[in-house]
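Student: Work the whole structure out from these sequences, hints included.
Quick note, the sequences are listed as chains A and B, same order.
Numbering-wise, this note's numbering puts 130 at position 130 of the first sequence, and it's gapless, one number per residue.
Numbering-wise, this note's numbering puts 104 at position 104 of the second sequence, and it's gapless, one number per residue.
Keep in mind the hints are simulated off the structure, nothing from the lab.
Errors might be hidden in some of the hints.
What the hints assert, rightly or not - With a Cα cut of at most 25 Å, we get these calculated DSS-like pairs of lysine-lysine:
#: 1; chain 1: B; residue 1: Lys-62; chain 2: A; residue 2: Lys-127
#: 2; chain 1: B; residue 1: Lys-106; chain 2: B; residue 2: Lys-148
#: 3; chain 1: A; residue 1: Lys-127; chain 2: B; residue 2: Lys-89
#: 4; chain 1: B; residue 1: Lys-18; chain 2: B; residue 2: Lys-113
#: 5; chain 1: B; residue 1: Lys-148; chain 2: B; residue 2: Lys-113
#: 6; chain 1: B; residue 1: Lys-131; chain 2: B; residue 2: Lys-74
#: 7; chain 1: B; residue 1: Lys-89; chain 2: B; residue 2: Lys-131
#: 8; chain 1: B; residue 1: Lys-18; chain 2: B; residue 2: Lys-148
#: 9; chain 1: B; residue 1: Lys-62; chain 2: A; residue 2: Lys-133
Stated by the list, open to error - Which chain B residues face chain A? A few, computed with CB under 7 Å, are given here:
#: 10; residue: Tyr-43
#: 11; residue: Glu-46
#: 12; residue: Leu-48
#: 13; residue: Lys-85
#: 14; residue: Arg-92
Backbone N, C-alpha and C define an ideal beta-carbon position, used for all residues, glycine too.
Chain residues, written in single-letter form:
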Amino acid sequence: MSGSLDHSPADVVRQLLIDLGLGTNPDDSGAWPIYCSRTPSTPDSAITVYDTEGRQGGRVMTDGERQEHSGIQIAIRDANHVNGFAKSRLLAIALDKTVSQNSVVISEATYLVHSISRTGDVIVAGKNVPTDKRNLFTINAVVSLRQSS
Amino acid sequence: MEIKNLNRLRRKLEHLAKSRLESPNAIGGESVIVGYTANYAAYVHENLEGRPNPPRSDAQRKAMFASIRENEEKGHTGWQVGESKFLEKAARRLDNNGTLSGVITKAMLRGTKLQQALYLAGLRIQRASQKLVPVDTGNLRASAFTRKE
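Tutor: If you want it as structure tokens, here you go:
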């Protein structure tokens, strides 16, 4: 991936997950709302996509374009450990199997997501103690995408 | 196309590999682990939203500020430093800028065994990570380790 982007990779992946039916738009008040960059305190079951540090590749010799993989983290929160883990695994497998050259439209911009590569398995990050005791799971990945229009 | 003396070349490469490994049977199995043993390390590492437990009541808030004042009197300013992804960021930065491959290459050229070279790279990651890790009591930072596997 390289070039200018109107939206952050986390924003694009969030929209992609909604398009794939793995969660819902928070405005629709459905199950498993997917947020970007911040998680509101309610509901218990929520998914948030964050931007993290990516991987740098080499530069293309002819035009100097740098090949990059942007880092993302998908954080899954749920009151129940079993449900949270099951949802996390579902998301992880969906990233592996269904994301390939997907087009994502956000407002006026169109992106082509070439692939999302997990950098590891689902991480069980523990409970939010001593406050609400909700469980946190994370999936870290790098994404290769490009803005096509 | 014909490749001559392929077996000789294979034997040469095997001999070279064995001379750089701790154990002759360790091909593909030598590695080094860098991590933190504190049981809340994963939660802090994966939580991208700053302080994970914001005070929920006036009593909690008072207790938190009392704790901060107490630590301030000791000259402690730990809550001002640190960030999430403290291990992953350190490893990726050193990988992206070629430091890790430089450390390993330099050590191997000196005739060091592969695992020792990896260990030196691991220690470099640990050092970079301990500069990023959030410090409150210092327990998390002190729990960093690098070990040969």
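Student: Does each hint fit the structure? Answer for all of them.
Tutor: Results for each hint:
1. B/Lys-62 x A/Lys-127: holds, 24 Å
2. B/Lys-106 x B/Lys-148: holds, 19 Å
3. A/Lys-127 x B/Lys-89: holds, 23 Å
4. B/Lys-18 x B/Lys-113: holds, 10 Å
5. B/Lys-148 x B/Lys-113: holds, 12 Å
6. B/Lys-131 x B/Lys-74: holds, 21 Å
7. B/Lys-89 x B/Lys-131: holds, 11 Å
8. B/Lys-18 x B/Lys-148: holds, 18 Å
9. B/Lys-62 x A/Lys-133: Given that 25 Å is the threshold and the Cα spacing comes to 22 Å, the pair holds.
10. Tyr-43: Hint holds; B/Tyr-43 Cβ to chain A Cβ min 4 Å, cut 7 Å.
11. Glu-46: B/Glu-46 check passes; min Cβ-Cβ to chain A is 4 Å, inside 7 Å.
12. Leu-48: holds, 5 Å
13. Lys-85: Result: holds, 6 Å to nearest chain A Cβ.
14. Arg-92: holds, 5 Å
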